[in-house]
Amino acid sequence: MRDVSINLATFVALLVLATASLVVGMLLKTWWLGLVIGLLLAAVKAHLVLWNFMEMAKQPFRTHLMAGVSVLLVVLLISLTVLDVVTRVRDGDKPRPAPNESFYVR
Amino acid sequence: MHVPELGEQYADHRAQAHALELGMWLFLASEILLFAALFTLYAAYRAMFPDDFIQAIRHNTLAYGTANMYILLTSSLTAALSLCAVRRNRQRLTAGLLAATAAMGVAFLVVKGFEYADHFHHGLSPGPYYRSLDLPTFGANRFYTLYWVMTGFHALHVTLGIGVMVFMTAHALAGRYSADHHTRLEMGTLYWHLVDLVWIFLWPLLYLS
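Residue numbers (my numbering), protein chains in the order written: chain A, 1 to 106; chain B, 1001 to 1209.
Hints listed in this document are in silico derivations from the structure and should not be mistaken for laboratory results.
FRET-style restraints, in silico, Cβ to Cβ:
| id | chain 1 | residue 1 | chain 2 | residue 2 | range |
| --- | --- | --- | --- | --- | --- |
| 1 | A | R88 | B | G1163 | 41 to 51 Å |
| 2 | B | L1156 | A | V86 | 28 to 38 Å |
| 3 | B | T1061 | A | T30 | 16 to 26 Å |
| 4 | A | G68 | B | T1061 | 31 to 41 Å |
| 5 | A | K58 | B | A1063 | 32 to 42 Å |
| 6 | B | H1122 | A | K58 | 43 to 53 Å |
| 7 | B | L1033 | A | K58 | 20 to 30 Å |
| 8 | A | M26 | B | L1033 | 29 to 39 Å |
| 9 | A | A20 | B | L1156 | 25 to 35 Å |
| 10 | B | A1174 | A | K29 | 49 to 59 Å |
| 11 | B | G1007 | A | T19 | 42 to 52 Å |
| 12 | B | V1003 | A | A9 | 33 to 43 Å |
| 13 | A | T30 | B | Y1010 | 48 to 58 Å |
Note that the Cβ used here is the ideal one computed from N, Cα and C, for glycine as well.
My request is simple: use the sequences and hints to build the entire structure.
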């Protein structure tokens, strides 16, 4: 009976979080703040689904480790790609001037 | 009681179940990597065209995406409860919950179908077929190309998941799962939850902000 009540409680929490995401998305005018909060709420929802519905809580440590490393690699992949894009020199930006000879003389 | 066949490489059913579980988690990790590539593309293009993406998101029908969010969350509950039911040897209840999960998958696809038709009507098609007069920007074109690829891949997974659920419903009705032997049902529900997990992240990125 305990697992049924855990699943029902998880479902209620997911509904509340989804509604909170919806309200935040509709009310916040600052898009980046809405995006950050929306993704944080999505991460909490995903954790609830993984931990309770997918019963990750009952899995051995090696499965936790595999899932954790997968999440870390995905976060690294996305953040490094975005970092590359946002730090590129845009068309309108002037190129940096070449250093003169005194720069190379120590 | 139906007892599943034991592979000759396994000492007992417990060892076989452990191997199947680990294999399924590895498969799910590879599926996450597939979607990770798409999320990375989305992040890169969003960083390039932030204003166009926001305009395109506001152009999407929030009601369709939100309805599908609640449908998939409910279907995840019925999938999880089917596992609770089989552990109590409630065969018919298990079959009913699996069938309800499949039905909600169909409902998801119906809503998606209405949304796709709406997009086609307004010229919000992928790549070179993009004809929107409201959003005539390159960034919006990129957004809708990614939108079609990401939601299309996801819809394909939902379709496969429905097939799995129907298959498991038939097996549950035939009494092939029991409290002691239901590893394949566990694998099927894990796959369904993955479909839900992907939509949990697609929803805020494509409809909210």
